[in-house]
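Start from the sequences, fold in the hints, and give me the full structure.
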Amino acid sequence: MATASKFISMGTKIVAVGRNYAAHAKELGNAVPKEPVLFMKPTSSYLPSGGNIEIPHPLESLDHEVELAVVIGQKARDVSEATAMDYVGGYALALDMTAREIQSSAKSAGLPWTVAKGQDTFTPISSFVRNIFYHFAVFTKSEIWMMSFTYLLALPYSRNVCQLNIWDIAFMFSTDLDLYQFSYTFNSLQLSKSLVPDPDNLEIWLKIDGEYKQKGFTRDMIFKLPFLISHISSIMTLFEGDVILTGTPQGVGPVKAGQNITAGITGLIDVNFGVQKRQRPGRC
1 MATASKFISM
11 GTKIVAVGRN
21 YAAHAKELGN
31 AVPKEPVLFM
41 KPTSSYLPSG
51 GNIEIPHPLE
61 SLDHEVELAV
71 VIGQKARDVS
81 EATAMDYVGG
91 YALALDMTAR
101 EIQSSAKSAG
111 LPWTVAKGQD
121 TFTPISSFVR
131 NIFYHFAVFT
141 KSEIWMMSFT
151 YLLALPYSRN
161 VCQLNIWDIA
171 FMFSTDLDLY
181 QFSYTFNSLQ
191 LSKSLVPDPD
201 NLEIWLKIDG
211 EYKQKGFTRD
221 MIFKLPFLIS
231 HISSIMTLFE
241 GDVILTGTPQ
251 GVGPVKAGQN
261 ITAGITGLID
271 VNFGVQKRQR
281 PGRC
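Letter by letter, the sequence shown follows residues 1 to 284 in UniProt numbering.
It should be emphasised that the hints constitute simulated quantities derived from the structure, not laboratory data. Check each hint, because a few of them may be wrong.
[Unchecked claim] Simulated pairs of lysine-lysine, DSBU-like, Cα-Cα distance not exceeding 30 angstroms:
#1 Lys-107 - Lys-26
#2 Lys-13 - Lys-207
#3 Lys-34 - Lys-75
#4 Lys-26 - Lys-215
#5 Lys-75 - Lys-207
#6 Lys-75 - Lys-26
#7 Lys-277 - Lys-213
#8 Lys-277 - Lys-224
#9 Lys-277 - Lys-215
#10 Lys-107 - Lys-215
#11 Lys-26 - Lys-224
#12 Lys-224 - Lys-107
#13 Lys-75 - Lys-224
#14 Lys-13 - Lys-26
#15 Lys-34 - Lys-13
#16 Lys-277 - Lys-75
#17 Lys-213 - Lys-75
#18 Lys-75 - Lys-256
#19 Lys-256 - Lys-34
#20 Lys-13 - Lys-277
#21 Lys-34 - Lys-277
[To be verified] With beta-carbon atoms standing in for the labels, derived distance ranges:
#22 Lys-75 - Asp-209: 23 to 33 angstroms
#23 Ile-235 - Asp-86: 29 to 39 angstroms
#24 Asp-86 - Asn-52: 32 to 42 angstroms
#25 Ser-194 - Val-115: 14 to 24 angstroms
#26 Ser-194 - Ser-108: 11 to 21 angstroms
#27 Asp-120 - Gln-259: 10 to 20 angstroms
#28 Ser-104 - Glu-35: 15 to 25 angstroms
Just so it is clear, CB atoms sit at the ideal spot from N, CA and C, and this is done for glycine as well.
Written out as structure tokens, the structure reads:
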């Protein structure tokens, strides 16, 4: 697993999609939308896997919403549905934690959902799987130095689906043959597209204290990924590292301090988070 710190600092925004699963819209008493319901979350709401979700005063619980997160791999503006997936750098699993009481009050008053959705720790997100490919060969010393120089020159211009960011170059000298064994490693910051060949057929799930609360398939999304990316990019420019939260299946509900959340994409990745009351200086 790679740490989330660099990824979290890369993106400029989180764009979330509400009511993108019909069953979830129904369970909250909402109509199925005719176009995507979008709202923003600040990147300061990220919480890396293993952290503690904080319930702010005076609330006693938050609602959990497990979601597939799409990580943008390159600048996208006014892209077509046909080319939209070319702008995806990878995927992650995220939770859209919601202060439902605050959200309900805001909706009744016709106000934004920012306070209900955007507080610190309200976007727990998975650590990112490194997509690692090892290549081994034997070369002479002069060949090694020439290849190393070429690779380092090319690094700033690399734009493949793995989102290259680390190059580990190791040389092991063989005294008998006067040759070097050369290896290099590609590392990605999130679940690479190569590991997710069919993002429309993923099972996402969430448990509280070991009990299933949410389980659904991305194929049940109302608005599919190519349309979402194209639609959002027609409204605002998406930059590398930006994240789209694609909606949650049915089964959302409260989680309280002291409980434990585990969630995952079946067969690919899982996360774990604690839940606690937020402690502020001067307050008990």
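Each hint tested on the structure:
no.: 1; hint: Lys-107 - Lys-26; verdict: holds, 16 angstroms
no.: 2; hint: Lys-13 - Lys-207; verdict: holds, 27 angstroms
no.: 3; hint: Lys-34 - Lys-75; verdict: holds, 27 angstroms
no.: 4; hint: Lys-26 - Lys-215; verdict: holds, 16 angstroms
no.: 5; hint: Lys-75 - Lys-207; verdict: violated, 35 angstroms
no.: 6; hint: Lys-75 - Lys-26; verdict: violated, 35 angstroms
no.: 7; hint: Lys-277 - Lys-213; verdict: holds, 21 angstroms
no.: 8; hint: Lys-277 - Lys-224; verdict: violated, 36 angstroms
no.: 9; hint: Lys-277 - Lys-215; verdict: holds, 26 angstroms
no.: 10; hint: Lys-107 - Lys-215; verdict: holds, 27 angstroms
no.: 11; hint: Lys-26 - Lys-224; verdict: holds, 19 angstroms
no.: 12; hint: Lys-224 - Lys-107; verdict: holds, 26 angstroms
no.: 13; hint: Lys-75 - Lys-224; verdict: holds, 20 angstroms
no.: 14; hint: Lys-13 - Lys-26; verdict: holds, 28 angstroms
no.: 15; hint: Lys-34 - Lys-13; verdict: holds, 24 angstroms
no.: 16; hint: Lys-277 - Lys-75; verdict: violated, 38 angstroms
no.: 17; hint: Lys-213 - Lys-75; verdict: violated, 36 angstroms
no.: 18; hint: Lys-75 - Lys-256; verdict: violated, 39 angstroms
no.: 19; hint: Lys-256 - Lys-34; verdict: violated, 34 angstroms
no.: 20; hint: Lys-13 - Lys-277; verdict: holds, 26 angstroms
no.: 21; hint: Lys-34 - Lys-277; verdict: violated, 37 angstroms
no.: 22; hint: Lys-75 - Asp-209: 23 to 33 angstroms; verdict: violated, 42 angstroms
no.: 23; hint: Ile-235 - Asp-86: 29 to 39 angstroms; verdict: violated, 19 angstroms
no.: 24; hint: Asp-86 - Asn-52: 32 to 42 angstroms; verdict: holds, 37 angstroms
no.: 25; hint: Ser-194 - Val-115: 14 to 24 angstroms; verdict: violated, 39 angstroms
no.: 26; hint: Ser-194 - Ser-108: 11 to 21 angstroms; verdict: violated, 45 angstroms
no.: 27; hint: Asp-120 - Gln-259: 10 to 20 angstroms; verdict: holds, 19 angstroms
no.: 28; hint: Ser-104 - Glu-35: 15 to 25 angstroms; verdict: holds, 23 angstroms
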